[in-house]
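Chains Y and A are the protein sequences, given in the same order. Just so we're aligned, residue 1 is where the first sequence starts under our numbering, counting upward by one. Just so we're aligned, residue 1 is where the second sequence starts under our numbering, counting upward by one.
Hint data in this document are derived by calculation from the structure and do not stem from the laboratory. Be aware that a few hints might be false.
[Unchecked claim] Derived DSSO-like pairs (lysine-lysine); straight-line CA-CA distance at most 27 Å: (1) A:K40 - Y:K112; (2) Y:K108 - A:K36; (3) A:K19 - A:K41.
[To be verified] Taking CB as the label site, the calculated pair distances span: (4) Y:K112 - A:P61: 39 to 49 Å; (5) A:N70 - Y:N12: 16 to 26 Å; (6) Y:K100 - A:H73: 18 to 28 Å; (7) A:K41 - Y:S26: 25 to 35 Å; (8) Y:N41 - A:K18: 20 to 30 Å; (9) A:T7 - Y:E15: 33 to 43 Å; (10) A:R63 - Y:V83: 16 to 26 Å; (11) A:S59 - Y:D9: 34 to 44 Å; (12) Y:R42 - A:R54: 38 to 48 Å; (13) A:G28 - Y:S60: 15 to 25 Å.
[As the list claims (entries may be wrong)] Sample of chain A residues lacking proximity to chain Y, with all beta carbon distances greater than 10 Å (derived): (14) L11; (15) G28; (16) P61; (17) S65; (18) F75; (19) Q101.
The structure displayed is predicted, hence computed values, not measured ones. Note that the Cβ used here is the ideal one computed from N, Cα and C, for glycine as well.
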Amino acid sequence: AQSVAQPEDQVNVAEGNPLTVKCTYSVSGNPYLFWYVQYPNRGLQFLLKYITGDNLVKGSYGFEAEFNKSQTSFHLKKPSALVSDSALYFCAVGSGNFNKFYFGSGTKLNVKP
Amino acid sequence: ETGVTQTPRHLVMGMTNKKSLKCEQHLGHNAMYWYKQSAKKPLELMFVYSLEERVENNSVPSRFSPECPNSSHLFLHLHTLQPEDSALYLCASSPWTGQEQYFGPGTRLTVT
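Chain Y with its partners taken away, still in its complex shape:
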C-alpha cells in the first residue's frame, strides 16, 4: 500500500538557521513527490515536486528538497529560515495511477525571531 509519513508534528527553528522538514514514503513503482505549504485559513500552495531527474529539486521561496531513493525520503530544506516561513507543511506521494496519491499528516513549522 502507498503511504507517506511526516514523523514530526512540529519543528522549531530560530530565524536565520537552516531548517529541515522530514518526509518518508512507501510506494510500489517510481514515486512522484510534492511539498505543499498551508498558511492559516488558506488552501495549500505548491512548493516543489520530484518526478524524475536530478535528486535535488528547487522550489518557491528558497525551499529545496532531496529525493533519496535508498532511504525512501524526500526531506524539505531551506538554508536560512524566515519568520514568515512559519506554516503547516505537507508532503504528498503518488505512483503509477495518476489518480491516486496520499498526503502526510503535516508538520507545523515555527520559526522564532
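Model the placement of chain A on the given structure of chain Y, informed by the hints.
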C-alpha cells in the same frame, strides 16, 4: 489568489439539510479534486475528475455527491450529513492528473 475559488467560505447546516459547495478554477486545468481536511488527520482525497469524468471515488459515503458540469466547475452536493463530517473541504485543480495541484481557500463546514 491561486485562481481557484470556493463558495461559500463558511457553512453551517443541520443533519437533515441539503446544501452544495461550489468550486471554480480559472487556470484552464483539466483535472479537479475534492479533499476533506479534519483536525489532526491527513488530508483525505475524496474525488478526482479528469476532463469532467470522475476517475476516482475514494470510498466516500453516498451522502457526498460530486458533480462536474465542465472542466472549470466542480460541485459537492451534501445531504443528511453527520457531525463527524464537519471539516474544511478543499477543492484543487491541476493541468492533468498527477501534476502539481492548485488549491482553493476551502469551505469550513459545520454540521449541527
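Do the hints match the structure? See the list:
1. A:K40 - Y:K112: Satisfied, since the Cα-Cα distance of roughly 23 Å is no more than 27 Å.
2. Y:K108 - A:K36: holds (19 Å)
3. A:K19 - A:K41: Holds, because 24 Å separates the two Cα atoms, which is no more than 27 Å.
4. Y:K112 - A:P61: 39 to 49 Å: Given about 42 Å between the Cβ atoms, the range holds.
5. A:N70 - Y:N12: 16 to 26 Å: Since N70 of chain A and N12 of chain Y have Cβ atoms about 46 Å apart, the given range 16 to 26 Å is violated.
6. Y:K100 - A:H73: 18 to 28 Å: At 23 Å between Cβs, range holds.
7. A:K41 - Y:S26: 25 to 35 Å: violated (19 Å)
8. Y:N41 - A:K18: 20 to 30 Å: Holds, since N41 of chain Y and K18 of chain A (Cβ atoms, about 26 Å apart) stay within the stated range.
9. A:T7 - Y:E15: 33 to 43 Å: holds (37 Å)
10. A:R63 - Y:V83: 16 to 26 Å: violated (42 Å)
11. A:S59 - Y:D9: 34 to 44 Å: violated (26 Å)
12. Y:R42 - A:R54: 38 to 48 Å: Violated - the Cβ-Cβ distance for R42 of chain Y and R54 of chain A, about 27 Å, lies outside 38 to 48 Å.
13. A:G28 - Y:S60: 15 to 25 Å: About 21 Å separates the Cβ atoms of G28 of chain A and S60 of chain Y, which means 15 to 25 Å holds.
14. L11: Answer for L11 of chain A: holds, closest chain Y Cβ roughly 15 Å.
15. G28: Correct as stated: the minimum Cβ-Cβ distance to chain Y is 16 Å, above 10 Å.
16. P61: holds (19 Å)
17. S65: Non-interface label on S65 of chain A holds, nearest chain Y Cβ at 19 Å vs cutoff 10 Å.
18. F75: holds (17 Å)
19. Q101: violated (7 Å)
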